[in-house]
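Below are the chains, spelled out letter by letter.
There are 2 protein chains.
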Amino acid sequence: MTNEVPPMTIKAIGVVRNEVKETPAERDWWTELVSEIVIDSSLTEALDNLDEFSHIIVLYWMHRVASARVPLKVCPMGRKRLPPVGVFAARAPNRPNRIGKATVRLLQRQGNILKVQGLDALDGSPVIDIKPYIPGYDSVDNAEVPPWITKR
Amino acid sequence: MTNEVPPMTIKAIGVVRNEVKETPAERDWWTELVSEIVIDSSLTEALDNLDEFSHIIVLYWMHRVASARVPLKVCPMGRKRLPPVGVFAARAPNRPNRIGKATVRLLQRQGNILKVQGLDALDGSPVIDIKPYIPGYDSVDNAEVPPWITKR
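Chains A and B, in that order, give the protein sequences.
First residue of the first sequence? That's 831 in our numbering, and the numbers climb one at a time after it.
First residue of the second sequence? That's 831 in our numbering, and the numbers climb one at a time after it.
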C-alpha cells in the first residue's frame, strides 16, 4: 500500500543550536533548556508574526538515531522494566520516520533566529517545520492516557 | 546553512481514507468528520497499545498542494481580508515541507486500521507518523494567540 506513494523528500528549514550533545536520562530535564533555532536566512520573512504567539510547534529530524533497524515495539520512555508497547504508542526517536514534535515557549524572535524554551532536540537537529500553537486546535480537554505513561 | 544537512527522505506509513476530495471552506467543518487511517500491514504491531490513549497526533503529507512555489507570506486561514502573515505563523498547507499535524480522537483501532474523528486531511493523504497525545507534553495552559487567529 505504501507503494502507492513515492518517497517524499523534506529539506531542513533550519537547525537547533544548544549545548546538548547526548540525550539526557530524564525527560523532565528539557523543560528549562533554552535553545536557538537558526532558520535559513532565505526564509526569514516566513517567520513574521510568529512572535504574536506565546508557544510554537517545532517539527525536527531526530538525526542522531544510529540504528538502521526500526523496532515495532519499544519500552516506553526507555524504561526497560515497563512492558514494550507499539512504537506508534510511544515517542521514541527510532521510528519509521524520525520526526520529533515539540510544543515550546517562544521567548524571542530576532531576524532568522528563534529563542525557545523546552525543546527536547539535540544540538544540530535539522528543523523541518514551525507552526503556531493554537489551543483550540492543538489541545484537548480531558484526554486519557494509560497509567504507564506517568509511571517512573 | 541548510546545505549542512542532506535532504531527508520520508516514507508513507499509511494513508487517509474518507469522502473528502476538496478542502472545505470552513475549518470547523472537519470537527465531526470520521476518517480511517490504513497503516501499512507490515507495521500493524507498531500500533499496539495506541488505543490506550483517547487522542493521537497524526502527521501527514498535504499531497494536494499543486503549486511548486512556496510563498513566504499567506493570508491567515485563507481569509483574504486579513493582512498576510509569515507562513510559519500560519497553518497553511503550502509551506516548505508540506507536513500537516492534527490532534484527533481515536475512536477505534482494528488491526492496521485506525478510525479517528477530526482529522483535517483529504482522502488519499499519505500518513507519515502517529504519536500518542500526552497532555503534559503536548498541551500548554494559558497559551497566547493574536486576535486575528479567531477573527472570521
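Just so you know, these hints were derived from the structure itself, not from any lab.
Treat the hints with care, as some may be off.
For identical chains, the list gives no copy identity; a pair is met inside one copy or between any two copies.
[Stated by the list, open to error] DSS-like, lysine-lysine: derived pairs with alpha carbons at most 25 Å apart:
hint, residue 1, residue 2
1, 931, 945
2, 841, 910
3, 841, 931
4, 945, 910
5, 903, 931
6, 841, 903
7, 931, 910
8, 931, 851
9, 903, 945
10, 851, 910
Checklist entry - Okay, which hints does this one fail, numbers in order? => result Hints 2, 4 not satisfied by this model.
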